[in-house]
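Visitor: This is what each chain is made of:
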Amino acid sequence: MNDFYIILTASLVASSCALLGCFLILRRMAMVGDAISHAVLPGIVLAFLFSGSRDSVTMLLGAGLIGVFTTFLIEFFHKKAKLQTDAAIGVTFTWLFAVGVVLISIFAGKVDLDQDCVLYGEIAYVPLDLIISPSGTNLGPKAIYVMGIVLVLIIVFIVAGYKELFLTTFDPAYASAIGISTSLWHYLLMSAVSVTTVSSFESVGAILVVALLIAPAATAYLLTDNFKWMLVLACAAGILASLSGYYLAVWLDGSIAGAIAALSGIIFALAMVFSPTHGLFFKKLRQVAH
Amino acid sequence: MNSLAEFFSFADPNIRYVVVGSVLLTASSAIVGTFTFLNKRSLIGDAIAHAVLPGICLGFIVAGTKNPLVLIIGAFITGWLSLIAVDFITRKTRIKEDTAIGLILSVFFGIGILMLTVIQKSGNASQSGLDHFLFGKAAALVGSDLYAFLIVAVILLVVVYILFKEFALMAFDKAYAKSIGYPVRTLELILTSLIVLAVVIGIQAVGVVLMAAILITPAAAARFWTDRIVVMVLLASAFGAFSGLAGAYISFVAPAMPTGPWIVIVISTIAFVSFFLAPKRGVLYRLVRQNNIRQTINNENVLKVMYQLGEENKNFFIPRHLDEIIRRRKYEKRALQSILRRLLHQGYVEQTGNLWSLTEEGKKKAQRVVKIHRLWELYLTTYMKIAPDHVHEDAETIEHLLTPELEAELEKQLGYAKLDPHQTKIPYQHE
Amino acid sequence: MAPDTNVPALEVHDLTVAFDRKPVLWNIDLVIPQGKIVGIIGPNGAGKSTLIKAVMGILPLSSGYTKLFDLPLNDVRGRISYVPQRESVDWDFPASVMDVVLMGRYSKLGLFKRPRKADRDAALDCLRKVGMEAFANRQISQLSGGQQQRTFLARALAQQADVYFMDEPFAGVDAATEKTIITLLRTMAQSGKTVIVVHHDLQSVTNYFDWVIMLNTRLIASGPTQETFTQDNLQETYGGKLTLLADVGDLIRRESFPQREKKL
Ligand SMILES: Nc1ncnc2c1ncn2[C@@H]1O[C@H](COP(=O)(O)OP(=O)(O)O)[C@@H](O)[C@H]1O
Ligand SMILES: [Mg+2]
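Chains as they are written, first to last, in my numbering: chain A, 1 to 290; chain B, 1 to 431; chain C, 1 to 264.
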């Protein structure tokens, strides 16, 4: 049963990340996603201090805010201080992450977080934190509920705003020309990324979220030319990585999150070589055939 | 401040190691990072920093101990591998560069974490301390570490010193560097190797995640103070060194504090201060400057109104009441008063009771503004074919802006015309 | 909507647009009547795309205003369509031709509503007009340059607008596509639509356009092609920049000068 809980949690995290990742990579904002996933750390620590617990609504709200704040800060440094974008990203997220780590050490006694958890999470402990009903029945791990709700929210967000997200991603100039606010959808998407990052944080850590944001989406991008299929395939790639990653970690007795990230990379590599449409192998084959 | 004195006496050899080590690491990373920054490859530095982790683990697995040389070689290999992978993915597939960087960064890091956790559970006693690479261990540097750092730092400095001209030109204009026959590809290869080397030693101070900061942030801060590459490199290394020193000091007074993050916080603070306060490029400087410009504009506009009133009366020096000015151009009374007081202070107007009049100096200044206004209107109608009733707005801005050189050029191009498009006389100084 | 055919389709008044404070369009004044095919011509970097984007509200204006059918942009957005430069989007994007053309229906659909059968039919109809009905389900990454341009055109048509702004629709397309497009534009103009096209091939100007706007940072001329597309005006448009104007523009940027002083 524990195996199942862990794999289910990882799959939920992977699916949420994969869905958002599709938009991020098509908008060329992969590194902004990376930055947000680091930058939410101080928000998490502070929300922890104020609310005294991990999975509170405060934390999600705080996270949404700090994610938007990060994007805003990057834009501020770029536009107002005239710093080039790549440097603006690098300076912003390292600073916020450093602040987060220092806050953890300052409040070491009060905050139940440690540095390793920050990096690669504690998904192995997911089955320990159970929800028990008043009558004493075991309702399953809390993380599954949290991640399930987040996934549902993300799906609702994408379904409801599909048109707008699709258009502002493909052709922002046309979108503003027909009166759709590109910056509104930009910030909504960034908030969604922050909320996902924060809620996934416990399971896979701040850094490995990035692997799940980018790798499955990139894999799907090489497999299909249809955006809806891309969303589906990205989820599938993420779930496959979670499943195989878990068993690899168990076999090697190592970090589950690390193994999932490693396998999401391997799945990408396979797609890169063997994708029927865009794979290097078939491209070569077609070249030879010509 | 006992601790300060104790720290800076460097009597304790441990303090010496930590200080020398941190300063060496941060300063040399900053120097190499300056070129990364100028080549707009800041995030590549981040990718390399994450990608060295599996190499370090590999080095450990091969050597069975934490032999610094083997670890560095391992790190060097995977660091390079990550770059090749990013390059390969970007060239051979339709994946864009930022995605490739994020992908390689996180996947390599994941592999590293997996290996690290496997090693930790393997029971090999000498593995303890390997996880220092995650968050750095500047506070725990010992003598033997220093030799490795020193060697690498010297290599970095010597190569940068020898190839400075070439690196600078490449950062400035790669196409040009190629056209005059520089071996651009080789130089890039060397620079990238230097970045990998800098990362390999730098992560021992601040760790994998924050490495990007000590590469880029000093350069970003330095950029705000200078336009010259030499000065920028020196400044960046000074900023880097200072943050290394500050980090070492903080971990000396508060041993529970993580040194790496503190180094990053210090260097980031320097950067933020620079973004805001640096002369010329800083945000605050530009705000202040805008405000000064706005004041100048207000001053000149009031002078202009008084001049125009003078034109009507054929006497420029009649003392006037505030209302007279306000009738011509809308001002709040208080605002107008404070503008006039400023002008009084500058010697452009005189006050008698509650009446104000232009001085000779004030008339001269006003005349120049009016002249440029009318000349510019004429320029717009003659050269840009803009209708005479549309040129006023633009001239309202330009009249405050032109330098004496452009003013002379404008007069010349218009042949010292006598009348503006509205058939009003253009006043020249000598008349 | 029965548009009053007497009001101008487009009025640009005293328009200045700046990047980083430096004006790239300077005091543009022009009026375009309805039902015309209008060419915007000028050298590279003249500000042709900038003019269109400013009118469409994609770029902020430093001064002046624009009106369409004598109304501000926001009141008539539904009647305006835009065809961006083909290179402005990533054609590797995972979308089909139909997906792209349906975007033309989004502004009519509003938030949360999905395209219906009627929208698909309309989109298909537009694809037919540009000769692309057979490609509806093709992925856009597989299109040739000409087909990409036709797709963009079909998307604009699907909007059923009254004014169309097109940025270089003839750039890099095959002769057949060019012919299809110009025939289509003529049909549109005949039914009272106004089409404003950025164009770079001087050979075809007199043949294609009823009206030309000649631009090089400043407006050189705007008027019926016969009278306006003259050797003198061409000389002025392509005969280099006004150096004084360029110097003043640089000065504005260097000095962080406010674009227009705020009236107290
Ligand atoms: N986003 C931008 N930032 C800064 N300058 C720009 C930007 N877009 C265009 N420009 C400048 O504005 C001028 C006009 O550009 P554009 O309107 O694209 O010219 P055209 O379409 O006539 O070739 C050019 O000098 C260009 O360098
Ligand atoms: Mg253009």
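Source of the hints: derived by calculation from the structure; they are not laboratory data. Keep in mind it's a predicted model, so treat the numbers as computed, not measured. Treat the hints with care, since some could be wrong.
Think about it this way: if two alpha-carbon atoms lie no more than 27 Å apart in a straight line, the pair counts; the simulated DSSO-like pairs of lysine-lysine are [unchecked claim]:
(1) Lys228(A) / Lys412(B)
(2) Lys79(A) / Lys96(B)
(3) Lys412(B) / Lys22(C)
(4) Lys117(C) / Lys82(A)
(5) Lys80(A) / Lys53(C)
(6) Lys66(B) / Lys121(B)
(7) Lys79(A) / Lys174(B)
(8) Lys283(A) / Lys96(B)
(9) Lys121(B) / Lys80(A)
Listed next, the stretches of chain A that the computed footprint assigns to chain B, with coverage defined by at least 3 CB atoms under 8 Å from CB atoms of chain B [claimed, not checked]:
(10) 147-153
(11) 162-174
(12) 192-200
A virtual CB, placed ideally from N, CA and C, is assigned to each residue, including glycine.
Visitor: If a hint holds in the structure, say so; if it doesn't, say that too.
Guide: Hint check results:
no.	hint	in the structure
1	Lys228(A) / Lys412(B)	violated, 65 Å
2	Lys79(A) / Lys96(B)	holds, 23 Å
3	Lys412(B) / Lys22(C)	holds, 24 Å
4	Lys117(C) / Lys82(A)	violated, 48 Å
5	Lys80(A) / Lys53(C)	holds, 23 Å
6	Lys66(B) / Lys121(B)	holds, 16 Å
7	Lys79(A) / Lys174(B)	holds, 25 Å
8	Lys283(A) / Lys96(B)	holds, 19 Å
9	Lys121(B) / Lys80(A)	violated, 49 Å
10	147-153	violated (count 0)
11	162-174	violated (count 0)
12	192-200	violated (count 0)
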